[in-house]
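Enquirer: In the order they appear, the protein sequences are chains R and A. Basically our numbering = 1-based index in the first sequence + 1070. Basically our numbering = 1-based index in the second sequence + 1070.
Note that these hints are calculated values from the structure, not bench results. Treat each hint with caution, since some may be false.
Chain copies aren't distinguished; within one or between two, either way the pair holds.
What the hints assert, rightly or not - Straight-line Cα separation of at most 27 Å, BS3-like style, residue types lysine-lysine; simulated pairs:
| id | residue 1 | residue 2 |
| --- | --- | --- |
| 1 | Lys1238 | Lys1212 |
| 2 | Lys1218 | Lys1359 |
| 3 | Lys1149 | Lys1351 |
| 4 | Lys1373 | Lys1149 |
| 5 | Lys1149 | Lys1349 |
Number of protein chains: 2
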Amino acid sequence: MNYLQQRRNALGQTLKSRDLDGFLVTAAVNVTYLTGFTGDSSYYAVLPKNTLLVSDTRFEEQVREECPDQDAVIRGHNKTTLEAAAEALNKSGAKAVGVEGSRITLGELEALRQLAPKITFVSVDGAIEAQRAVKDPGEVEKIRDAVKVAERGFKMFLATVREADTEKDMVDALEGYVRRAGAKCTAFPPIIAVGERGALPHATPTNKPLGDGAKLLVDFGADLVGYKSDITRTLRSPFGTSPSRRNKLERIGYDFEKLYAVVLAAQNAALAAIRPGVKAKDVDAAARKVFANARFDKYPDLKLADHFTHGLGHGIGLEIHEAPKIRANSEDVLESGMVVTIEPGIYIPGWGGIRIEDDVLITHDGCKLLTTLSREPATLAAG
Amino acid sequence: MNYLQQRRNALGQTLKSRDLDGFLVTAAVNVTYLTGFTGDSSYYAVLPKNTLLVSDTRFEEQVREECPDQDAVIRGHNKTTLEAAAEALNKSGAKAVGVEGSRITLGELEALRQLAPKITFVSVDGAIEAQRAVKDPGEVEKIRDAVKVAERGFKMFLATVREADTEKDMVDALEGYVRRAGAKCTAFPPIIAVGERGALPHATPTNKPLGDGAKLLVDFGADLVGYKSDITRTLRSPFGTSPSRRNKLERIGYDFEKLYAVVLAAQNAALAAIRPGVKAKDVDAAARKVFANARFDKYPDLKLADHFTHGLGHGIGLEIHEAPKIRANSEDVLESGMVVTIEPGIYIPGWGGIRIEDDVLITHDGCKLLTTLSREPATLAAG
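The following block holds chain R by itself, in its conformation from the complex:
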């Protein structure tokens, strides 16, 4: 039995347990997950006796290529995809049909209720997303490929970056290299932050040049028509280290090597805590404990725990953020086959930030890094 069939069977179990005899999947990413179709603007309908992909003429050929065994309705120009889907639901005799509560808009649901007044629509939230949290081997391979391509693009970037390049130049260059390495595009707009700008976890690129700082934070990933990767490296930079360029905290001794070592120790503590059955929040706590225990003779007031201002990680797959959540308020429990980021970071205003982010497969007895880039502190060898 193939993976698509397994996914549909699992969804079928959800419907049965909720007394539903139909389901209308409207989120493109979930349509892809259940059918293999990689286009958009199309719906997947589970009906009492069969299933249907509802699409339009733009995607006719693609549907045939990607889903040869799937019944499909290619709507004409005289109706919307929602109207075509409602027609199919009406014909099918379905009485209680699930919809994706966190995806469908209020307007779409109101239109459906008018188009199919005899059907009861029921909000089913996160059912497909919960299935997607545990990857099958084919998905793991696709994520591994997305990691490889991102890493190859990052190496091209490192080999070509120049002191005069601005954050914006570097974002554009990395985009080009990740594509050149084989990606459709980056998985999200890369975050590239020079010097103290690394203190903003979601920095948007400015005209600050690489040469204006003593460290560089790069958060990036690849999208390989579907599966995504998500990696962060923070590098010492040979620039911006002259006494006149060092910021105040660097001058009083906030030291890249010492702080990097703590972030890496936090990541290692998290990796050591990962195994099936463990609560996601306990993995987050394992990293947080390392920051809480870190002490520095030179700057005794620095409490690193206060500077790790986001969750430890998240699932990746067809989306760049998906289940499970690895953070203090998460109720998720880790399972073998999940693929998550582990990304501890510290952000010190006026000094900068360090984040180390890797992609991790949870295995039957622990975890395995999918990322292969070194996690040791490294110096940018910029030309």
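Fit chain A to the given chain R structure using the hints.
Expert: Below, chain A alone, put in the same frame as chain R:
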């Protein structure tokens, strides 16, 4: 009075006319339109006595910079943005609050109803989108800038493209050049189609090289942190014209020049029909009439009207597709200040396609092209 204030006053009129004393704007693009804030994940609340931007710590600095006069709530990590917004709504005493029906998800609305059980939430559909259809002068200038940058990037692309470049190579190169010309990124993934692949209006890039066809269709635009442009040019290519490479329809005389002339005539007919007060569908019809009347001695069976398989155009602005719709089933009426694409095209399977798309400002007595690239048939001068 500044533009933001005008936009908010217009929204205030909508609320008054619907007996609402509040509005929660959740779509990022509409938050940007009403506040000038260009980040995401933030909401804008119109309350009985004031307005609030609800955001989180990631955007604290950006909110201060971009919206210095706007009251803002920066939520803590212990709640979601929706929870913080609901809290503000509860405190404000609002009784009937509008939400964006075509934007808010069913799940978000259900959560709001639980968090603010005394408030009646009312679906208001397309109100802000209708305002956005008519641009103020500042917006027109931003779209004009997005056109300029896209055109500059396209010229760089034309100056550097090579016979061996694949559609994928060309998409990646154009992305880089549009950024190099000053854009944050392209306005949408560019469509670049070689030879007969131009027959697919939404072709995704393949490994087909430029040298494999006698024409090249390029549909692209620029995103300048907000406002967008959308342009298509179809060029003769010096490659793929040898007898062995010509496709069957090219061999029997389907001639690029003659067909291009009809598409250009259709576009000119549409441009001549545009003025305030005209129905959008009549402009679509003006273009369609040119196709219906086109006759060719050599291939009398070719009915071009059957090969123009999409609407004539759409509004552009903060989104790449927005109001008004210019198509046969549109109820929209043109107004001065609207900015729209006019993009007639023909798609002949096995032969290819021709589309000419320009960005057009509707003026008090007609229209003005924002695009400055020549619309005359041109040959790619590839190195």
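Enquirer: When the structure is checked against the list of hints, which entries are broken? Sort them ascending.
Expert: Number 2 only.
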